[in-house]
Amino acid sequence: MKMLFKGSEAIAEAAIRAGCRLYFGYPITPQSELTEYMSRRLPEVEGTFLQAESEVATVNMMYGASCTGRRVMTSTSSPGFSLMMEGVSYMAGAELPAVFVNVVRGGPGLGDIQPAQSDYFQATKGGGHGDYRMIVLAPHTIQEAVDLMNLAFDLADKYRMLVTILADGMLGQMMEPVEFPPMRDPNDVPEKKWALTGAKGREPRKVTSFDIDPYELEKMNLRYQATYKKVEENEVRYEEMNTEGADIIVAAYGTMARIVKTVIHMAEEEGIKVGLFRPITLWPFPYKRLNELADTVDTILTVEMSYGQMLEDVKLGVNGKAKTPFYGRSAGVVPTPTEVLDAIKKAIGR
Amino acid sequence: MPDSLSKKEFTYCPGCHHGIVHRLIAEVIDELGIREKTLIVAPVGCSVFAYEFFNVDGTVAPHGRAPAVATGMKRATPDKIVFTYQGDGDLASIGTAEIVHAANRGENITTIFINNAVYGMTGGQMAPTTLLGQKTTTTPYGRDAKANGYPIRMSEMLSTLAGAAYIERVMVTTPQNVIKAKRAIKKAFETQIKGLGFSLVEVLSTCPTNWGKSPVEAGKWLEENMAKYYPLGVYVDRTKEAE
Ligand SMILES: Cc1ncc(C[n+]2csc(CCOP(=O)(O)OP(=O)(O)O)c2C)c(N)n1
Ligand code: SF4
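If you're matching them up, the sequences are chains L and A in order. Following the working numbering, the numbering of the first sequence begins with 1 at its first residue and continues without gaps. Following the working numbering, the numbering of the second sequence begins with 1 at its first residue and continues without gaps.
Simulated from the structure, these hints should not be mistaken for lab results.
DSS-like cross-link-like pairs, simulated, lysine-lysine; straight-line CA separation at most 30 Å:
no.	chain 1	residue 1	chain 2	residue 2
1	L	LYS206	A	LYS187
2	A	LYS7	L	LYS219
3	A	LYS187	L	LYS200
4	A	LYS186	L	LYS206
5	A	LYS7	L	LYS206
6	L	LYS200	A	LYS194
7	L	LYS206	A	LYS37
8	L	LYS206	A	LYS8
9	A	LYS186	L	LYS200
Partial list, computed: chain L residues near chain A (C-beta under 10 Å):
no.	residue
10	PHE24
11	GLY64
12	ALA65
13	GLY201
14	ARG205
Derived CB-CB ranges, DEER-like:
no.	chain 1	residue 1	chain 2	residue 2	range
15	A	ILE193	L	PRO27	27 to 37 Å
16	A	GLU156	L	ASP185	43 to 53 Å
17	L	ASP112	A	ASP30	51 to 61 Å
18	L	PRO182	A	PHE10	51 to 61 Å
19	L	LYS125	A	GLY123	26 to 36 Å
20	A	THR138	L	ASP213	27 to 37 Å
21	L	TYR215	A	CYS13	19 to 29 Å
22	L	THR29	A	ALA162	29 to 39 Å
23	A	ILE193	L	PRO182	31 to 41 Å
24	L	HIS129	A	ILE193	37 to 47 Å
25	A	LYS7	L	LYS230	34 to 44 Å
26	A	TYR150	L	LEU110	24 to 34 Å
27	A	GLU156	L	GLU312	51 to 61 Å
Beta carbons are placed, not taken as given, at the ideal position from N, Cα and C, and that holds for glycine.
Turn these sequences into a full structure, and let the hints guide you.
So, in structure tokens, the structure goes:
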């Protein structure tokens with residue numbers, strides 16, 4: 001049965017259905033509705049909601065909760081995500097699973113509260129210190145965001161990694177009819193043999209992100225890298241639309257990809273065949289498929305609500321096989337379909 | 001040796017009080033029979049390896065964040081006994097927000113707070129607890145209130161918060177003091193076991209290495225200087241009214 005839901009609240013409900021019973025967070029626009037929804041809903045399912053004193057505290061509460069083996073999440077928006085980076089790095093080092101929702105707004109700094117995609121680098125390339133990666137999922141509709149929540153928690157547990165849902169203010173604020181998956185039993189998750197549950201009848205377990213001996217720490221780092229390699233081999237996800245025989249392929253994710261879907265129809269009326277390549281996992285990025293597509297067209301245009309952040313990954317994927325022009329707006333300005341169509345025409349010399 | 005201590009050798013300097021306090025905590029955990037459900041959150045600082053010295057499950061928090069990590073653990077598994085072990089750089093400087101709010105929420109955790117008036121691990125820099133006039137590597141002319149503010153009294157400050165159930169300041173310089181310190185640590189853990197709220201024991205401690213003193217001189221300096229500015233005693237005890 002489909003229900004009309006606001007993006008932020010739909011994501012929250014989906015997380016609970018995925019078996020998450022612990023939410024820590026700190027209010028920030030444009031995602032506070034998610035926090036508020038959790039404060040209402042979690043007590044109904046015997047879960048724990050705690051409004052932390054800051055994002056710094058939030059992520060460390062997640063660290064502690066995740067140590068015990070339970071599913072845990074938070075949601076925030078750009079400045080809040082920046083503050084979490086210390087804990088993100090520590091959690092990555094301690095191989096602790098957790099899910100973050102970053103509803104991106106215009107930046108840098110305090111910025112504004114309008115939708116943006118300018119946290120791409122921070123989410124996909126680090127943000128915190130050290131050689132770590134996190135899985136980054138970029139939904140383009142509320143339904144997809146809902147569907148990705150189960151996947152996010154499963155991937156986090158499977159690989160003992162952090163997963164970020166990278167959304168934007170548009171997805172958070174709009175309403176759409178959505179269908180929710182059934183409620184999962186929060187105890188029905190694979191046993192975590194590393195979790196801190198009290199040293200009863202066994203040797204004590206330790207969860208840390210450090211070893212003072214560089215050779216031992218290097219071993220830990222090599223273990224992380226081996227995990228990341230497995231994720232790159234198995235978890236790449238993307239969507240293609242009209243890429244076969246296209247005059248031009250547009251690479252876009254999230255809300256921007258949704259706008260491109262509209263533009264595809266507008267372009268058709270003018271006799272231009274536009275294909276869409278939409279990464280769903282921003283990390284691991286679908287380099288391989290993009291490289292194959294670069295054999296089939298002259299031009300792969302990147303459009304983003306940021307100034308060429310994903311463009312760098314597109315260029316790595318295309319690897320010089322096709323032209324890689326760019327159109328981007330940022331700071332909370334959402335490009336109109338007409339502007340995107342103009343950029344497409346310019347890119348193919350029409 | 002208490003069951004709750006591991007076989008790992010302490011890495012602390014001779015005359016450092018970290019070791020004594022570890023042993024007291026381990027004895028208390030043994031006596032309360034809670035070893036198999038206790039989780040330690042170790043800090044950043046000289047006691048960063050505390051998680052290895054105790055024969056219990058444990059982790060290491062980012063610098064100052066132990067109360068938030070412990071909050072997450074306790075909220076996720078309320079049946080466990082969760083304690084943080086923190087230095088003064090950790091608890092009274094970088095982690096002031098976390099300790100204040102954990103205490104104010106009445107978070108049902110226990111904190112052992114080691115106040116040695118200096119940053120040990122990083123080589124003797126000023127701590128928020130450094131006494132006025134005390135020389136450190138970043139107050140080479142002695143701590144000056146105008147330039148560096150005043151030594152902060154955390155137990156007094158935290159005891160103003162309604163969520164704090166039990167707070168006591170102790171030291172471990174003599175056998176009598178050690179007995180009192182152990183009693184305080186035990187009471188703090190009992191407070192948590194009974195679910196009464198936040199408990200903290202501040203231990204005035206030595207850092208002979210960074211104070212540039214022998215262990216005996218350090219103990220004397222602690223009693224004659226630190227204990228004056230940081231009076232021993234119970235700062236808050238709401239365990240009766242809470243019970
Ligand atoms: C974010 C961050 N800043 C600084 C440091 C460096 N650092 C390590 S230990 C320490 C001071 C610890 O002092 P204290 O808490 O008093 O413990 P002690 O070493 O005296 O036992 C500092 C500043 C760090 N590890 N992380
Ligand atoms: S440096 Fe100071 S606090 Fe650290 S172990 Fe040595 S004496 Fe103890």
